[in-house]
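Given chain C, work out where chain F should sit, using these hints.
Residue numbers (our numbering), protein chains in the order written: chain C, 17 to 371; chain F, 17 to 371.
Copies of the same chain look alike in the list, so a pair counts if it works inside one copy or between any two.
Below, in silico cross-link-like pairs of lysine-lysine (DSS-like), each with a Cα-Cα straight-line distance of 30 Å or less:
no., residue 1, residue 2
1, Lys231, Lys117
2, Lys117, Lys246
3, Lys226, Lys340
4, Lys226, Lys307
5, Lys340, Lys279
6, Lys370, Lys186
7, Lys186, Lys312
For the record, the hints were derived by calculation from the structure and aren't laboratory data.
2 protein chains.
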Amino acid sequence: MELTTSSNIKVVTAKESKINSVDFENLTFGNVFTDHMLVCDYHDGAWDQPVIMPYESFTMDPSSRVFHYGQAIFEGMKAYKDDNDDVWLFRPDQNFERFNKSAVRLAMPEVPEEVFLGGLHKLLEVEKDWVKKGKGNTLYIRPFMIATGQGVIASPSNEYRFCVILSPAKAYYSGEVKVVIADHYSRAANGGIGAAKAAGNYSGQFYPTKLANEKGFQQVIWTDDATHTKLEEAGTMNVFFRINDTLYTAPTSERILDGVTRKSIVELAPTLGINVEVRPVLVSEIVEAAKNGTLKEIFGAGTAAVVNPIAGFSYQDTYYELPKLENSFAAIIKEKLTNIQHKLDTDTFGWTVKV
Amino acid sequence: MELTTSSNIKVVTAKESKINSVDFENLTFGNVFTDHMLVCDYHDGAWDQPVIMPYESFTMDPSSRVFHYGQAIFEGMKAYKDDNDDVWLFRPDQNFERFNKSAVRLAMPEVPEEVFLGGLHKLLEVEKDWVKKGKGNTLYIRPFMIATGQGVIASPSNEYRFCVILSPAKAYYSGEVKVVIADHYSRAANGGIGAAKAAGNYSGQFYPTKLANEKGFQQVIWTDDATHTKLEEAGTMNVFFRINDTLYTAPTSERILDGVTRKSIVELAPTLGINVEVRPVLVSEIVEAAKNGTLKEIFGAGTAAVVNPIAGFSYQDTYYELPKLENSFAAIIKEKLTNIQHKLDTDTFGWTVKV
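Pulled out of the complex, with its shape left as it was, chain C reads as follows (with noise of 0.2 Å):
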């Protein structure tokens, strides 16, 4: 598959490259941006021309929105290339698709193909040399969008900006990750926004983040607020349970996000002959599964971890630690799917998109 184009792209290029500046071998994750980006504006009901345009901080009005009533959301993508120097996307589509729901529950515009994968399709053409060959090294993509409409009143905004910048990456996690279960903070509401990549579902997971770093614990996997019982996501990946050697993950719902990580790993995994259940996953089996020994794993999901073995978890103060597997579920799926997404297997999917 090819990427939507657009011809309908302004492009203002930058004086001068930093590319030379960045040490591409010692990365910090989201930290240094590449010398262009996307941005497109919507008022009086419309959006303007896309504009590629060097990177530069944005003049905001204080009153502006979404200083005050959070409305923002956003995507995050990769970009990988191959040993012919030709860039690819994972499952754009679905990152496109979702954004414009996360767009329609926060009462924001929807952006429209042309701009935002066409918009990409021209940003990724003048941003290729950022993209480095190699596995593990990617491109991080993140559109966003931003009300920027002004006035302190609680109603949507009237105008927005759509803006796609780039960071190169190497990988997202580092280190042994171990988790808090929650049983009191919640990251989402029935009939709130948790489905949504919404800016709000992320400012509130950080103070429970916190008290769990102060433990030890380098993340929490949030349950359902209701009655803290079922396992649902952790913040930033959707969360794998290995009881025997089948996988369990949530189905998404309104709390949980449909995750494209985690719905490829869905679809994947039986091609590499290992079942998947997607049903709720209780508290309670986890606990005694780890107890009887039943537990093998526990993995995150995500675009930007792709996969996050978990080292063990906490629950009510009791640590469960999980065994160190050869050959894990988690390894097996990220080494297939990583190579799917580097171009260095076969993609039977159809997943991988040529910019």
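Below, chain F without anything else, positioned relative to chain C:
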């Protein structure tokens, strides 16, 4: 009482005032701002010296965390001018305390009293001509804090901006307000950030409110997200229900904002001979009371609106009209509260604070 002062505030005066270009009789709420704002930045673990400076745009990196992860909180307050040209605030200590509670819940640094209240003092001295005499005239005060640190990684920022902007205001709501009682969408989760005055609590309300608007209703009364059986708050207002001659309002919780107007009414009403009970209010009892004629009034309470009578409500597609009362509790309470705020009546509570 008199407001905290601070000597450690830099003042940069605007070259020209725009006050003469403002039509104070025809103001749209939250739309016009005064000549100056207070700005105080936080970095390297400490707050800079606060600066009062001409109202102007912020310069923000596209990767600023507020755009991506919603770390943003605010307060709403008002200043009033009495007949002696003195400027007054209403319970500013409550807003200051709540602001820092919100900060903790959003993993943001607390703002010192000399910055928040001392800075506000100085700002109101500079802008005192913008507070107009006469009942109904107020200067709306919007303190807020946003995450200005850069980087698209989902963790708390290490840089923040605290800012106070001021907007002259008349009444917030106008015309008849009809509401929908939520039976699917929700505002807040158990263990979430509903009690914080966080930007992320607002963005999720816009879409369900838009759906309500399309059916001819102005606002939504939110219910608990787990069962949708308990009446909670209206998003920008707490809510009171009068059955026979008693007022009922929900207790504050993790899901409900601890409104300053709400708590003032709970104290004030008994002194006016009105009985108030703070206890969970069920949707079923309000529907039943509407049917049997014992439901006399519903009104919202908040800083912007003060007291906002509700004409009727819809629940599961049935509309219940409320009676039109002379001497409604809403009118009695609003009259008394605004008289206290505008120094037209004795403040036996010690709520008003002189700037």
